[in-house]
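Trainee: As given, the protein sequences belong to chains D and X, one line each in that order.
Residue numbering for the first sequence follows our numbering, starting at 1 and increasing by one per position.
Residue numbering for the second sequence follows our numbering, starting at 1 and increasing by one per position.
No wet-lab data here; the hints were simulated from the structure.
The structure presented is a predicted model; accordingly, all values stated were derived computationally and were not measured.
Please note that the accuracy of each hint is not assured.
Computed footprint of chain D on chain X; a stretch qualifies when at least three of its residues, placed anywhere within it, have a C-beta under 8 Å from a C-beta of chain D [said to hold, decoys possible]:
| hint | stretch |
| --- | --- |
| 1 | 15-27 |
| 2 | 45-51 |
| 3 | 88-96 |
| 4 | 101-107 |
Even for Gly, the Cβ is constructed at its ideal location relative to N, Cα and C.
Number of protein chains: 2
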Amino acid sequence: MSAGVGIETIRFYERKGLLLEPPRTAAGYRQYSPEAVERLKFIRRAQGLGFTLEEIGDLLELRVDEVAACGAVEMRAREKLKSITQKLNELRRLKRALERLVGACVAREPTSDCPILEEIEDR
Amino acid sequence: MSAGVGIETIRFYERKGLLLEPPRTAAGYRQYSPEAVERLKFIRRAQGLGFTLEEIGDLLELRVDEVAACGAVEMRAREKLKSITQKLNELRRLKRALERLVGACVAREPTSDCPILEEIEDR
DNA sequence: CTTGACTCCGTACTCAGCTACAGGGTCTAT
DNA sequence: ATAGACCCTGTAGCTGAGTACGGAGTCAAG
Chain D
1 MSAGVGIETI
11 RFYERKGLLL
21 EPPRTAAGYR
31 QYSPEAVERL
41 KFIRRAQGLG
51 FTLEEIGDLL
61 ELRVDEVAAC
71 GAVEMRAREK
81 LKSITQKLNE
91 LRRLKRALER
101 LVGACVAREP
111 TSDCPILEEI
121 EDR
Chain X
1 MSAGVGIETI
11 RFYERKGLLL
21 EPPRTAAGYR
31 QYSPEAVERL
41 KFIRRAQGLG
51 FTLEEIGDLL
61 ELRVDEVAAC
71 GAVEMRAREK
81 LKSITQKLNE
91 LRRLKRALER
101 LVGACVAREP
111 TSDCPILEEI
121 EDR
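Turn these sequences into a full structure, and let the hints steer you where they fit.
Mentor: Right, dumping it as C-alpha cells:
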C-alpha cells in the first residue's frame, strides 16, 4: 500500500491499460519504478477531480512523440482544457458559496435558504 | 429531459433523498418547481467535480436554519472547503500542464515525455 | 525449516449509480 | 374513441470501479 492503493487495484489498472506491466523479479513479483508510482498517484488525484478511468487514460497518453501526431494531440489537449476550465469555474463558485456560508455562521446569522444553491443558480 | 436527465434518474435521486418528492398533479404526475430543477442541475455539476451522491447530499443540507446547529454546520462547511481548495489546486496544475503541452505542440517541439506527469509530480 | 505475511493468477463478488422492463394509467391529437 | 407518446410503480439488470477468494509460490524472521 505504498501509494495508498491496494495491490488488487493496481492489478485492475494494469488490466485496463492505465499502468504498463512493470518489470518483475526472478520470482515474478512486480517491481515499480518511482515514475510508475507517480503515474498511479496521478490516476487517483484525477479520479478525485471527476475524471473517469477512460478519460484519465486519454490524459496520460497526451504527449507529442511524433511531430506528425501533433495536431491531433493539440486538439484533444484543448478539449480537455475546456472541460478543466469549466470544472475550475464551478469549483470556484462552490468555494465562494461555502465561504459565504461559513461567514454567515460566524456572524450567527441563520439563513434558512441554501446559499449553495443560490450562488450556483445561474449557469 | 428538461435538464438533460432522464426520469428514471430523477426517481433514483428521489429514492436516495437527494430530491424531495415533488407535488403531484391530480393524476399523480410529478410537477417540478424551477428550484427543484436548479437542485437537480447542481447535483449533476457536483458529480462532474468528483463528489459522490452522498457528499452532494451533505452539501445540499448545509444551511443554517437554527442558530443552535450553527457550529456543526460551520465545521462541516470548513471541511468541504478544504477538499474543494485541494481540488482547485490540483485542477490548476493539470490546467497548467495541458497549456504547456499545447504550447509545445504549437511550437512544434515534440516532447516524448509526458508533461502532465512532470507537472503534477510533486504533490 | 517452519510459520506468518506477503505475492502470484484467475475468477467471482460487491457497491454506486444509473437504466430498462412490465403492466398499467393519462393526455393530446386526429 | 383510438393511437401514440408520455407518466406511474415496483423490480430487475447493467456498467464502472474496485474487492475478495482460493490455491499456490516466496521470502524474512525466529
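Trainee: With reference to the structure, classify each hint as holding or not holding.
Mentor: Each hint tested on the structure:
1. A count of 0 residues in the stretch 15-27 of chain X with a Cβ less than 8 Å from any Cβ of chain D is obtained; the coverage claim is therefore unmet, three being the minimum.
2. Given a C-beta distance limit of less than 8 Å, the hint that chain D covers the stretch 45-51 of chain X holds, as 7 residues qualify and 3 suffice.
3. Restraint check on the stretch 88-96 of chain X versus chain D: 6 residues with Cβ-Cβ distances below 8 Å, three needed, restraint holds.
4. Counting residues of the stretch 101-107 of chain X whose CB lies closer than 8 Å to any CB of chain D gives 5, so the stated coverage by that chain holds, three being the minimum.
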